[in-house]
Amino acid sequence: MAMFRPNWGADTVGWFDLKIISRHFDVPEAKDIEYFEKHGGYASARKAVKMDPASIHAEVKASNLRGRGGAGFPTGVKWGFVPKDAETVYLVVNADESEPGTFKDRHILFWNPHMLIEGMIIAARSLGVQNAYIYIRGEMQREYPVLQRALDQAYAKGYLGKRCFGGDMDFDITIYRGAGAYICGEETALLSSLEGGRGWPRLKPPFPAVKGLWGQPTIVNNVETIANLPWILENGGQAFADLGVGRSGGLRIVSVCGHVNKPGVYELPLSVTGRELIEDVCGGMRGGRKVKAVIPGGVSMPLLDESELDVPFEFDALQQDERIAEVEVQPGIKFDLGGGRTLRTMAGSGGVVVMDEDTDLVSACWRILHFFADESCGQCTPCREGTGWLVRVVKRIDAGEGRPGDVELVASIADGIAGNTICALGDAAAWPTLAFLTKFRDEFQAKIRSSTFVAQQRAAAEQGAP
Amino acid sequence: MTTKQLSPEIEARIQELWPRFPPQNVAKALCIPVLYLAQQQFGMVDDDVVDLVAERLGLPPAHVKGTATFYTMFNKKPVGRFHLQVCTNIGCQITGAYEVFDRCRQRLGVGNHGTTEDGNITLSEVECLAACGYGPVAQIAERAKPDIPLYFENLDIERIDQILDALADGDVPTQLGS
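Residue numbers (this note's numbering), protein chains in the order written: chain E, 276 to 741; chain R, 23 to 200.
Source of the hints: derived by calculation from the structure; they are not laboratory data. One or more of the hints may lead you astray.
To be verified - Which stretches of chain R does chain E cover? Using the computed rule of at least three CB atoms under 8 Å from a CB of chain E, they are:
no.: 1; stretch: 54-62
no.: 2; stretch: 81-93
Unchecked claim - Lysine-lysine pairs mimicking DSBU-like chemistry, simulated, CA-CA at most 35 Å apart:
no.: 3; chain 1: R; residue 1: K167; chain 2: E; residue 2: K306
no.: 4; chain 1: E; residue 1: K565; chain 2: E; residue 2: K479
no.: 5; chain 1: E; residue 1: K670; chain 2: E; residue 2: K537
no.: 6; chain 1: E; residue 1: K670; chain 2: E; residue 2: K486
no.: 7; chain 1: R; residue 1: K98; chain 2: E; residue 2: K670
no.: 8; chain 1: E; residue 1: K432; chain 2: R; residue 2: K50
Stated by the list, open to error - Between beta-carbon pairs, the in silico distance windows are:
no.: 9; chain 1: R; residue 1: D70; chain 2: E; residue 2: A735; range: 52 to 58 Å
no.: 10; chain 1: R; residue 1: D124; chain 2: E; residue 2: F728; range: 21 to 27 Å
no.: 11; chain 1: R; residue 1: T91; chain 2: E; residue 2: R716; range: 37 to 43 Å
These numbers were taken from a predicted model, which means no experiment stands behind them. We put the CB at the ideal spot given by N, CA and C, even for glycine.
Start from the sequences and build out the full structure, keeping to the hints where you can.
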């Protein structure tokens, strides 16, 4: 589309002209409803409350908007799962951002809370929702008061509450604070938590859109997903789809951390490759060092090595592009996602972790596994026990106490977790582990070869030899 | 039975939140928000606080305890006046979080989740705080105060030393936060 031409060669901030959600980032006044409205805010919501719900849904479907929380599921399709005759439908915004490497939703909540609220009004109109909840991470102590203040302002203006914008729609938003559990970012665990208990995931189906919060149809959407809705309604679903690539509409907010010169949050076209992201957007690598590995979408996702960075960081490309190696269980044996589908990687949550040539990947793998072992909710045995085993074996490899066969042991534990649990946390621990072993097996084996265990065995063997 | 009582502020907040949830589900739904408020009042969630919350909401104490122990932000043991939480997850790890965390351990003379003898500071290693681009990151909570809306980013030995100095003097170094 000619209208939104990339602005090549400019400073990184102006790298791409169009900003949908990030246009108010770093503008402190944007937290105020007056500023937000002066810059076009709430116009879409004002329009939406008078619109036919089905026509809003049609725009969202046409937009090719895909869920920005991790799974990349088409939002319009998800909304379509809500039974037509449902009396009570809930909308829950997933603001429990806690995927390591990801810090985009925190920026949206802090800099642009009104765009989220406006998006929620639009979604509520389309879905027939009267009560919505924002489930915000407990640790987001800085964002919570900002969001609450924005809500208070919207209530004071009559945009929320009884008869929103003077129309026929009643709509309430309540903030619900999590209390420190990564698993609550999983949508069914989030609902269990919001109901006031342990954040235990539930079996799907039934999917929340059919049977969710308190047994009622519930749409759970990510913050960024919802914040895109005002633009979609303003410019039309087709324009949003045209911004994207293939079956993925719009722009994407990626958060980049690690060894780049300019880590941060960037709203970018989905066609941007990993290499462009590092070199053009983030100002290259710190100290001019080389890239060793990149995690493309939060630590749950298989990592890429340097040779795989020319693939666009887009949902379908990262899953299918043949330039990305398939994850293996053992050398030569591909990991099976089910039905013979192989695993490359996924766009996940848009949290990009860049690691330079000096990074100890065994140590990084251990830290990731330590996280999953810590955050496993404990319901399913393969995940509860398996993540603990993984972390113990990888820890001993990392500590220079690894034993011959440990790499195979790690792979077999990971393979035993994947696909055998209620929710995706088990997969989230297993997939990256297998990817580390597929792409950086030598590093693990080198540590084992030089381990104290191997040295002791060798010394004992030499002593015992005639 | 406990002699503790929920403060009038908590009562008021319960009244405010009550209509936001369906009548048949509200008591359970308020379990986590009320535990939060009770922790602010009492500094931690021990069995007394669990009983108090269970009684107020008409929930089985076992449910409240099961919920409280599931979440890391509910302190089951007393914490210091300041709770210093240092992230060591991947984004922070690869930018030097363990140097920062070890410096804290060494200066405070405590291990993970340990509290200084004077009861001033509790040190915890925490999981991702969603500020990965600005690591290493820490967050500070002060007892009985509403949340301090600050993150301490891009930490190194010099910056963490300044923070520890200020906390020792009884101040949160807000000028270092963002």
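For each hint, the structure was consulted:
1. With a cut-off of 8 Å between beta carbons, the stretch 54-62 of chain R has 4 residues touching chain E; three or more are needed, and the interface restraint holds.
2. Restraint check on the stretch 81-93 of chain R versus chain E: 5 residues with Cβ-Cβ distances below 8 Å, three needed, restraint holds.
3. For the given pair, K167/R sits about 24 Å from K306/E by alpha-carbon distance, which is consistent with the 35 Å threshold.
4. For the hint linking K565/E to K479/E, the alpha-carbon distance of about 43 Å lies beyond 35 Å, and the restraint is violated.
5. Distance restraint check for K670/E and K537/E: the Cα-Cα separation of roughly 31 Å lies within the 35 Å cut-off, and the hinted pair is therefore satisfied.
6. As the CA atoms of K670/E and K486/E are separated by approximately 41 Å, the hinted pair breaks the 35 Å bound.
7. A threshold of 35 Å between alpha carbons decides the hint, and for K98/R with K670/E the separation of about 28 Å falls inside it, so the pair holds.
8. For the proposed pair K432/E and K50/R, the alpha carbon gap of about 32 Å is at most 35 Å, so the pair holds.
9. Hint check: D70/R to A735/E, Cβ distance near 56 Å, so the stated range 52 to 58 Å holds.
10. Checking the proposed 21 to 27 Å range against D124/R and F728/E shows it holds: the Cβ atoms sit about 26 Å from each other.
11. Between T91/R and R716/E the beta carbon distance is about 39 Å. The supplied range of 37 to 43 Å therefore holds.
When held up to the earlier numbered hints, the structure conflicts with 4, 6 and fits the remainder.
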